[in-house]
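Visitor: The listed protein sequences correspond, in order, to chains V and A.
The first sequence begins at 0 in numbering that gives the first Met the number 0 and counts up by one.
The second sequence begins at 0 in numbering that gives the first Met the number 0 and counts up by one.
No lab work stands behind these hints: they were computed from the structure.
Check before you lean on any hint, since a few could be wrong.
[Claimed, not checked] Straight-line distance between alpha carbons at most 20 Å, and here's what the computed EDC-like set of lysine to aspartate or glutamate pairs gives:
| hint | chain 1 | residue 1 | chain 2 | residue 2 |
| --- | --- | --- | --- | --- |
| 1 | A | 123 | V | 56 |
| 2 | V | 300 | A | 40 |
| 3 | A | 123 | V | 393 |
| 4 | V | 381 | V | 393 |
| 5 | A | 123 | V | 60 |
[To be verified] What the simulated footprint calls covered on chain A by chain V, stretch by stretch (three residues with Cβ under 8 Å from a Cβ of chain V suffice, anywhere in the stretch; the number is not a length):
| hint | region |
| --- | --- |
| 6 | 17 to 28 |
| 7 | 125 to 138 |
| 8 | 141 to 148 |
Because the structure is a prediction, the values reported are computed rather than measured.
From the three backbone atoms N, C-alpha and C, an ideal C-beta is built for every residue, glycine too.
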Amino acid sequence: MPELDELESRLEALQEEDFQRGLQVFRSKLRAPEASYLNSCIHCGLCADSCHYHRTDPCLENIPARKLELVTSVFRRRFTVMGRLAPGLVGARTFDREMTRAWVDAVFGRCSLCGRCSVNCTIGIPLPRIFRAARAALGAMGLVPSDLQATVDNSLQYGNNMAVTKEDWVETVQWLEEELQMETGDSQARMPLDKQGAGILFTVNPREPKFFPLSLQASAKVFWAAGEDWTLASDCGWDLTNYGLFNCNDEQAGRITQNLVDAMARLGCRTLVIGECGHGYGSARWEGPEWLQASYPFQVKSILELMDDYLRQGRIKVDPARNALPVTLHDPCNLVRHGGICEAQRRVLHQVVTTFTEMTPNREHNFCCGGGGGQLAMARYKQRRIQSGGMKAEQIRRSGAKIVVAPCHNCIDQLMELNKEYKLNVQIKTVAEMVAEAIVPNA
Amino acid sequence: MHGTHLAVLLALAWAVVAMAFLHRRAKAYGERRLYSRPAGDPAAGVRYAFTGGLAPWAKESVRMHLLSYGAGMAFHAGVGTALALVLMALAGLDPPAFLLLPARLLTLAGAVGGFSLFMKRLFKPDLRGLSCPDDYLSNFLSSLFILLALDWTFRPGVAGLWLAEAAVLLVYAPLGKIRHCLFFFTTRYQLGAFFGRRGTFPPGGNLHA
Chain V
0 MPELDELESR
10 LEALQEEDFQ
20 RGLQVFRSKL
30 RAPEASYLNS
40 CIHCGLCADS
50 CHYHRTDPCL
60 ENIPARKLEL
70 VTSVFRRRFT
80 VMGRLAPGLV
90 GARTFDREMT
100 RAWVDAVFGR
110 CSLCGRCSVN
120 CTIGIPLPRI
130 FRAARAALGA
140 MGLVPSDLQA
150 TVDNSLQYGN
160 NMAVTKEDWV
170 ETVQWLEEEL
180 QMETGDSQAR
190 MPLDKQGAGI
200 LFTVNPREPK
210 FFPLSLQASA
220 KVFWAAGEDW
230 TLASDCGWDL
240 TNYGLFNCND
250 EQAGRITQNL
260 VDAMARLGCR
270 TLVIGECGHG
280 YGSARWEGPE
290 WLQASYPFQV
300 KSILELMDDY
310 LRQGRIKVDP
320 ARNALPVTLH
330 DPCNLVRHGG
340 ICEAQRRVLH
350 QVVTTFTEMT
360 PNREHNFCCG
370 GGGGQLAMAR
380 YKQRRIQSGG
390 MKAEQIRRSG
400 AKIVVAPCHN
410 CIDQLMELNK
420 EYKLNVQIKT
430 VAEMVAEAIV
440 PNA
Chain A
0 MHGTHLAVLL
10 ALAWAVVAMA
20 FLHRRAKAYG
30 ERRLYSRPAG
40 DPAAGVRYAF
50 TGGLAPWAKE
60 SVRMHLLSYG
70 AGMAFHAGVG
80 TALALVLMAL
90 AGLDPPAFLL
100 LPARLLTLAG
110 AVGGFSLFMK
120 RLFKPDLRGL
130 SCPDDYLSNF
140 LSSLFILLAL
150 DWTFRPGVAG
160 LWLAEAAVLL
170 VYAPLGKIRH
180 CLFFFTTRYQ
190 LGAFFGRRGT
200 FPPGGNLHA
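Working from the sequences, and respecting the hints, build out all of it.
Guide: In structure tokens form, the structure reads like this:
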């Protein structure tokens with residue numbers, strides 16, 4: 000595989016100044032909380048079983064504490080007195096080529112930044128915060144896997160991560176609008192583009208126009224049924240994804256976030272609504288303002304919250320009998336554990352399906368599907384990704400559901416692969432697709 | 000005042016000052032101003048992190064390893080009891096009769112817990128792979144400290160050895176991983192504040208839930 004060689008050759012070409020630059024960037028990402036985390040791990044190893052990598056491949060390298068130790072050992076060597084005086088005693092190690100290779104393998108190749116280990120840690124160390132700093136350091140050394148970086152570069156160059164042209168995007172929306180009109184029988188049903196002063200700017204994952212147009216159409220149908228005043232942006236600002244969350248280059252992540260902020264200003268919308276995407280929600284809602292070092296002058300909501308509002312307010316009427324197959328729900332890590340959106344999707348599903356079964360465990364204790372943390376974009380770790388998804392596959396199988404609802408398009412991609420690999424024989428849908436199916440028109 | 004008493008007092012002073020220094024050094028990394036709007040209450044998250052979030056039923060890692068969890072709890076209770084006994088010994092007091100049995104039980108459980116965790120670290124390959132010499136030394140010093148405290152409740156004559164060991168433990172505490180006696184609290188606080196702000200802690204605590 001050329002990528003294997005390419006990354007390895009970049010590792011081999013590292014010079015002393017590269018290691019120094021990496022350490023400088025690592026240090027620049029640390030604040031008092033991280034300094035505390037880096038002094039806290041007691042190596043109890045109880046985190047091991049919380050990690051889907053370790054549960055599906057129980058080796059030392061997959062224990063979260065081991066991954067953390069690779070980073071903390073460098074921190075101790077460089078930034079603590081004992082690490083300099085007695086490195087052998089306290090397990091302090093030099094940041095050299097071998098250690099850098101181990102960092103790449105651990106923080107890119109064996110972690111989806113899901114944070115399940117954080118809530119299970121004896122101490123309570125939010126490990127992904129440390130791994131993000133390590134990824135940033137590796138990025139400064141030119142060691143982000145090239146396919147992950149290409150996704151970011153697409154966003155920076157084209158305004159969306161799949162390099163969809165404006166012409167293709169607009170044509171797709173117009174085509175879907177015709178489909179929506181046919182589906183609803185309402186010739187006035189709209190999928191507005193660049194509607195000035197609309198209440199809502201709706202953003203989507205480029206996978207929707209590219210591969211899953213019916214998902215976008217389903218969201219549009221919900222807006223239509225609710226009589227929502229909404230719009231899509233035709234230019235930069237329609238894509239909610241931000242793989243800057245995963246290459247951990249905050250400057251690039253900020254530039255991608257700025258597309259959303261600019262679109263909101265350009266169109267004069269009041270609420271930015273993030274479609275069903277875990278990392279997209281986490282990026283726009285939580286990390287975006289931090290990357291930009293500024294609060295938004297507008298509100299950010301998940302479409303899940305919006306659909307929950309519609310049902311509570313009676314703005315849409317639904318008939319759960321239209322979704323008669325047993326349904327279970329996947330909790331995307333960036334939406335639920337890291338995003339705080341836990342209950343809205345459950346309230347919605349309870350109203351639009353007849354049989355809803357929770358996976359176990361769920362909510363903040365959910366298992367990552369294996370596709371998070373940019374894993375879907377890194378081909379070199381595909382085998383590990385599919386193997387680590389075994390935990391999720393088993394959860395799905397145990398639920399007995401025929402439909403898995405996943406409010407995240409990255410998770411959906413991974414779940415579709417797991418569906419094939421583990422022969423789960425389930426359908427995978429978004430929440431909006433379930434709601435759209437249940438909508439009772441003209442009620 | 001005996002030489003060992005003075006050594007313990009000096010070691011205690013060192014430990015307190017060094018821990019304060021470590022805390023200050025960590026704080027010197029600076030705080031991060033947050034710009035995103037909170038969805039939950041950080042204070043509620045912190046309260047949960049130090050209460051319900053520590054409970055066995057809130058942590059799969061604990062539920063799956065109840066024996067290790069129990070050993071750890073006994074170990075820490077033993078350390079706390081032994082420290083209390085050291086303070087009494089330094090003050091020239093004998094443990095009140097009604098506290099003697101609980102103190103003995105707690106130090107016995109603590110020593111058993113501590114040494115069993117030491118053996119687990121020594122013999123379990125994964126745990127051994129995670130460990131550095133500091134892990135063994137910290138555990139051994141603490142476990143021995145508890146064991147000698149237990150011994151002292153039966154044989155006051157071992158006070159000299161016990162207090163000397165306590166001095167070594169206190170000197171070492173800020174240098175190795177025993178420093179987690181400080182950073183456990185700061186890290187747990189940060190965890191609670193982080194997930195509280197995002198509405199994940201306490202479960203169901205999201206303002207929009």
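Visitor: Against each hint, give a clear statement of whether it holds in the structure.
Guide: Here's how the hints hold up against the structure:
A C-alpha spacing of about 17 Å is found between residue 123 (chain A) and residue 56 (chain V), which places the hinted pair at or below 20 Å, so the restraint holds. As the CA atoms of residue 300 (chain V) and residue 40 (chain A) are separated by approximately 18 Å, the hinted pair is consistent with the 20 Å bound. Restraint check for residue 123 (chain A) and residue 393 (chain V): the C-alpha separation of about 28 Å exceeds 20 Å, so the hint is violated. Under the criterion of a C-alpha separation no larger than 20 Å, the hint pairing residue 381 (chain V) with residue 393 (chain V) is consistent with the structure, at around 19 Å.
For the suggested pair residue 123 (chain A) and residue 60 (chain V), the alpha carbons sit about 15 Å apart, so the restraint of at most 20 Å is met. Given as covered by chain V, the region 17 to 28 of chain A passes the check, having 6 residues with a CB less than 8 Å from a CB of that chain where 3 are the minimum. Against chain V, the region 125 to 138 of chain A contributes 10 residues with a C-beta closer than 8 Å to a partner C-beta. That satisfies the three-residue criterion, and the hint holds. Only residues whose C-beta sits within less than 8 Å of a C-beta in chain V count toward coverage, and the region 141 to 148 of chain A has 0 of them, not enough to reach three; the restraint is violated.
This entry does not satisfy hints 3 and 8, going by the numbered hints stated previously.
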